[in-house]
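Protein chains in written order, with the working numbering: chain A, 20 to 218; chain B, 527 to 629.
Calculated from the structure, these hints are not laboratory results. Think of the CB as a built atom: it goes at the ideal place given N, C-alpha and C, for glycine as much as any other residue. Heads up, a few of these hints could be off.
[Stated by the list, open to error] Here are the in silico distance ranges between beta carbons for each label pair:
#  : chain 1 : residue 1 : chain 2 : residue 2 : range
1  : A       : T174      : B       : V626      : 18 to 28 Å
2  : A       : V43       : B       : V568      : 52 to 62 Å
3  : A       : V113      : B       : N571      : 22 to 32 Å
4  : B       : I627      : A       : A157      : 23 to 33 Å
5  : B       : R597      : A       : A139      : 49 to 59 Å
6  : A       : A139      : B       : R601      : 50 to 60 Å
7  : A       : E69       : B       : R597      : 34 to 44 Å
8  : B       : S567      : A       : A139      : 26 to 36 Å
9  : B       : H542      : A       : G123      : 20 to 30 Å
10 : A       : I140      : B       : G620      : 33 to 43 Å
11 : A       : F156      : B       : T622      : 36 to 46 Å
12 : A       : F192      : B       : R601      : 16 to 26 Å
[Unchecked claim] No farther apart than 16 Å at their CA atoms in a straight line, the calculated lysine to aspartate or glutamate pairs in the EDC-like style are these:
#  : chain 1 : residue 1 : chain 2 : residue 2
13 : A       : K122      : A       : E69
14 : A       : K58       : B       : D625
15 : A       : K144      : A       : D30
16 : A       : K129      : A       : E69
17 : A       : K72       : A       : D30
18 : B       : K605      : A       : E62
19 : A       : K98       : B       : D625
20 : A       : K122      : A       : E62
21 : A       : K146      : A       : E62
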Amino acid sequence: MSSVHSDHNADRIGMWLFIATEIVLFGGLFLMYSMYRFKNPIEFHTASLELSKVMGTVNTFILLTSSLAVALASLAIRKSQIKKTMVLLSSSVVLAIAFIIVKGFEWAAKFEHGLYPNSAILAGKPKGEMLYFGLYFAMTGLHAVHVLVGIGLLTFVLFQVKRNKITPHNPGFLVNSGLYWNLVELIWIFLFPLFYLIS
Amino acid sequence: MSQETHEAVPKTEANHHETRQHVLIWVALLLLTLISVGSASVIHNGFTIIVSLAIAAIQCTLVLLYFMHLRHEDRLLVKLIMPITMVTLAVFIGITFIDVISR
């Protein structure tokens with residue numbers, strides 16, 4: 020009995036430590052962003068005009084809703100509502116895919132305008148704008164990788180619930196995956212204003 | 527295997543309350559996003575970023591406390607991991623800024 024209990028605690032502590040390392044990873048990028056922005060305020064402002072505030076807001080809503088679905092799934096599994104848990108997990112995966120699709124359209128538009136790292140058009144622009152787009156692709160790119168991992172993880176969790184491997188008495192893996200997914204949301208909460216709302 | 531973990535037995539009423547609370551927090555998060563976008567198109571000076579970062583910090587706190595259940599966390603160690611990380615990051619950014627500004 021006691022070993023089950025301590026395992027549960029260790030899982031949670033380990034997950035939170037992992038989340039801390041993720042925040043420090045993105046923190047380094049945020050640090051770089053703030054220094055370059057401090058040095059090139061006008062260029063950052065001009066460059067951010069290229070981003071669509073509407074698409075950014077839509078994606079924020081999508082991710083917030085997806086986070087809610089996972090948080091509710093963690094509650095539902097404890098209530099032994101297996102079906103509800105699966106519906107919630109599926110909708111969070113669908114929303115995550117929608118986020119990636121919107122992101123894909125945004126990136127495609129940038130590439131069409133010749134705004135990608137090392138492009139001729141970007142090379143002709145001021146240094147500050149090059150830095151802005153470099154950071155934009157690096158930071159939203161790393162975030163998108165996390166979203167892709169999240170899609171895989173949540174799909175796996177969904178099948179584990181279906182196969183009765185994750186149960187109301189043993190929801191740890193679902194809860195920890197939910198924590199990961201909310202972390203991905205947390206990072207986006209800061210990326211969104213820094214890139215989309217500074218024009 | 528399953529008979530051991532009595533702590534996982536659901537408290538249905540509390541849980542129902544929590545579901546409603548989660549939905550309310552979600553509405554608050556959406557509204558805060560709209561306020562952030564709105565203020566960015568109204569305010570056109572240095573305050574824009576301060577306002578939207580303050581809103582982001584509020585959203586971040588709400589997600590941590592409710593969606594990530596830190597509100598119900600009873601282990602001090604787990605409670606402290608996030609504040610310690612944030613303070614460390616603030617120190618990194620603060621000290622780097624002092625260096626960049628005073629150069």
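Cross-check of the supplied hints:
Against the hinted window of 18 to 28 Å, the Cβ-Cβ separation of T174 of chain A and V626 of chain B comes to about 43 Å, which falls outside the hint. The hint said 52 to 62 Å for the Cβ distance between V43 of chain A and V568 of chain B, and at roughly 34 Å that hint is violated. The hint said 22 to 32 Å for the Cβ distance between V113 of chain A and N571 of chain B, and at roughly 40 Å that hint is violated. Roughly 24 Å separates the CB atoms of I627 of chain B and A157 of chain A, a value that falls within the hinted 23 to 33 Å.
The given range of 49 to 59 Å is respected by R597 of chain B and A139 of chain A, whose C-beta atoms sit roughly 52 Å from each other. Separation of A139 of chain A from R601 of chain B is about 55 Å and conforms to the stated range, judged on CB atoms against 50 to 60 Å. Taking the beta carbon of each, E69 of chain A and R597 of chain B are about 40 Å apart, inside 34 to 44 Å as hinted. Between S567 of chain B and A139 of chain A the C-beta distance comes to about 32 Å, which sits within the given range of 26 to 36 Å.
Distance hint for H542 of chain B and G123 of chain A: a CB-CB separation of about 38 Å, inconsistent with the stated range 20 to 30 Å. As the Cβ distance of I140 of chain A to G620 of chain B is approximately 36 Å, the hint placing it in 33 to 43 Å holds. Checked against the hint of 36 to 46 Å, the C-beta distance between F156 of chain A and T622 of chain B comes to roughly 23 Å, which is inconsistent with it. Between F192 of chain A and R601 of chain B the beta carbon distance is about 19 Å. The supplied range of 16 to 26 Å therefore holds.
For the hint pairing K122 of chain A with E69 of chain A, the CA-to-CA distance comes to about 14 Å; that is within 16 Å, so the pair holds. Simply put, K58 of chain A and D625 of chain B have alpha-carbon atoms about 13 Å apart, close enough for the 16 Å limit, and the pair holds. The straight-line distance between the Cα atoms of K144 of chain A and D30 of chain A is roughly 49 Å, outside the 16 Å bound, and the hint therefore fails. Distance check on the hinted pair: K129 of chain A and E69 of chain A sit about 8 Å apart at the alpha-carbon level, within 16 Å; holds.
With a C-alpha separation of about 39 Å, the suggested pairing of K72 of chain A with D30 of chain A is violated against the 16 Å cut-off. Restraint check: the Cα-Cα separation between K605 of chain B and E62 of chain A comes to about 40 Å, which exceeds 16 Å; the hinted pair is violated. Only pairs whose Cα atoms come within 16 Å are accepted, and K98 of chain A paired with D625 of chain B is rejected, the gap being roughly 53 Å. Proposed proximity of K122 of chain A and E62 of chain A is contradicted: the alpha carbons are some 23 Å apart, above 16 Å.
Restraint check: the Cα-Cα separation between K146 of chain A and E62 of chain A comes to about 8 Å, which is no more than 16 Å; the hinted pair holds.
In the structure shown, a violation is registered for the earlier hints numbered 1, 2, 3, 9, 11, 15, 17, 18, 19 and 20, in ascending order.
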